[in-house]
Amino acid sequence: DAGITQSPRHKVTETGTPVTLRCHQTENHRYMYWYRQDPGHGLRLIHYSYGVKDTDKGEVSDGYSVSRSKTEDFLLTLESATSSQTSVYFCAISEGDRDEAFFGQGTRLTVV
Amino acid sequence: ILNVEQSPQSLHVQEGDSTNFTCSFPSSNFYALHWYRWETAKSPEALFVMTLNGDEKKKGRISATLNTKEGYSYLYIKGSQPEDSATYLCAFRNQGGKLIFGQGTELSVKP
Numbered sequence: 002d003a004g005i006t007q008s009p010r011h012k013v014t015e016t017g018t019p020v021t022l023r024c025h026q027t028e029n030h031r032y033m034y035w036y037r038q039d040p041g042h043g044l045r046l047i048h049y050s051y052g053v054k055d056t057d058k059g060e061v062s063d064g065y066s067v068s069r070s071k072t073e074d075f076l077l078t079l080e081s082a083t084s085s086q087t088s089v090y091f092c093a094i095s096e097g098d099r100d101e102a103f104f105g106q107g108t109r110l111t112v113v
Numbered sequence: 058i059l060n061v062e063q064s065p066q067s068l069h070v071q072e073g074d075s076t077n078f079t080c081s082f083p084s085s086n087f088y089a090l091h092w093y094r095w096e097t098a099k100s101p102e103a104l105f106v107m108t109l110n111g112d113e114k115k116k117g118r119i120s121a122t123l124n125t126k127e128g129y130s131y132l133y134i135k136g137s138q139p140e141d142s143a144t145y146l147c148a149f150r151n152q153g154g155k156l157i158f159g160q161g162t163e164l165s166v167k168p
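Residue numbers (the working numbering), protein chains in the order written: chain A, 2 to 113; chain B, 58 to 168.
The reader is advised that the hints may include incorrect statements.
[What the hints assert, rightly or not] Straight-line alpha carbon distances no greater than 27 Å define the calculated DSSO-like cross-link-like pairs of lysine-lysine that follow:
1. Lys-99/B with Lys-58/A
2. Lys-116/B with Lys-167/B
3. Lys-116/B with Lys-12/A
4. Lys-71/A with Lys-58/A
5. Lys-135/B with Lys-116/B
6. Lys-115/B with Lys-99/B
[To be verified] Listing some non-contacts, in silico: residues in chain A with all C-beta distances to chain B over 12 Å:
7. Gln-7
8. Pro-19
9. Asn-29
10. Arg-31
11. Ser-66
12. Glu-80
13. Gln-106
For the record, the hints were derived by calculation from the structure and aren't laboratory data. From a predicted model like this one, the values you see are computed outputs, not experimental measurements. Virtual Cβ for every residue (Gly too), placed ideally from N, Cα, C.
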């Protein structure tokens, strides 16, 4: 199994609070991705990274920011959580341009 | 906006039936087309990555084809088994590394 760990696995937070989700990899893969999974929408890309300090927006980036200061860590931050950000968040990694993606176990976030 | 469409949204078949799904994607700025299998309560797992027009890949009873000029890919399952029940996702990768998923096809195979 690819060495990819998401933390926390579950979190309940209140509206308006900041939240940071962490994705950690031990594979030294170049690409890292954050997705959210919602019923009827499949996996939607939030942000992705193609190298240290190199990130770009995905389809649903509003309300989210990311940082990648080291190859192994990709952080997703909700600056001020809203109920619409209640979702399951998946991190994925990929070694190169023609390689498959490997997924973390997911983080279930509930904003009340 | 990169639009990746999958059809059908869901499919119910009997054990032993053969089935196929479609994925359509932008034909410009193409780099790769991925197929994933996603079982309930698990994470998606890669089936195939295809990059060249005309590519065909096979893994056991599952195979896939790719047409980059017209922007579509087919996934075939021969002789479906109950353990094939899952959601099948395709994903389009552009030259910038962006990986966009379709909404998936949910397959249910009844014994």
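Quiz prompt | Assertion that Gln-106/A lies farther than 12 Å from chain B (Cβ) | solution = violated, 6 Å
Practice problem: Could you grab the alpha-carbon distance between Lys-115/B and Lys-99/B and see if it respects the 27 Å cut-off? | Solution: Satisfied, since the Cα-Cα distance of roughly 23 Å is no more than 27 Å.
Quiz prompt | Non-interface label on Pro-19/A, tested against every C-beta of chain B at 12 Å | solution = Holds, because the least Cβ-Cβ distance between Pro-19/A and chain B comes to about 26 Å, which exceeds 12 Å.
Quiz item: Lys-116/B and Lys-167/B: Cα distance at most 27 Å?
Solution: holds, 22 Å
Exercise. Classify the label on Glu-80/A as holds or violated, using whether its beta-carbon is more than 12 Å from each beta-carbon of chain B.
Key: holds, 23 Å
Quiz item: When you check the alpha-carbon spacing of Lys-71/A and Lys-58/A, does it fall within 27 Å?
Solution: holds, 19 Å
Exercise. Quick one: work out the minimum CB distance from Gln-7/A to chain B and report holds if it exceeds 12 Å, violated otherwise.
Key: At roughly 10 Å from the nearest Cβ of chain B, Gln-7/A sits no farther out than 12 Å, so the non-interface label is violated.
Quiz item: Does the alpha-carbon distance linking Lys-99/B and Lys-58/A stay inside the 27 Å limit?
Solution: holds, 26 Å
Self-check item: Beyond 12 Å from each Cβ of chain B, as asserted for Ser-66/A
Solution: Per Cβ check, Ser-66/A is outside 12 Å of chain B; nearest 17 Å; holds.
Quiz item: Against chain B, does Asn-29/A keep a CB gap of more than 12 Å to every residue?
Solution: Given that every Cβ of chain B is farther than 12 Å from that of Asn-29/A, nearest at about 16 Å, it holds.
Quiz item: When you check the alpha-carbon spacing of Lys-135/B and Lys-116/B, does it fall within 27 Å?
Solution: holds, 11 Å
Quiz item: Holds or violated: are the alpha carbons of Lys-116/B and Lys-12/A at most 27 Å from each other?
Solution: violated, 38 Å
Going through the hint list in order, the structure does not satisfy hints 3, 7, 10, 13.
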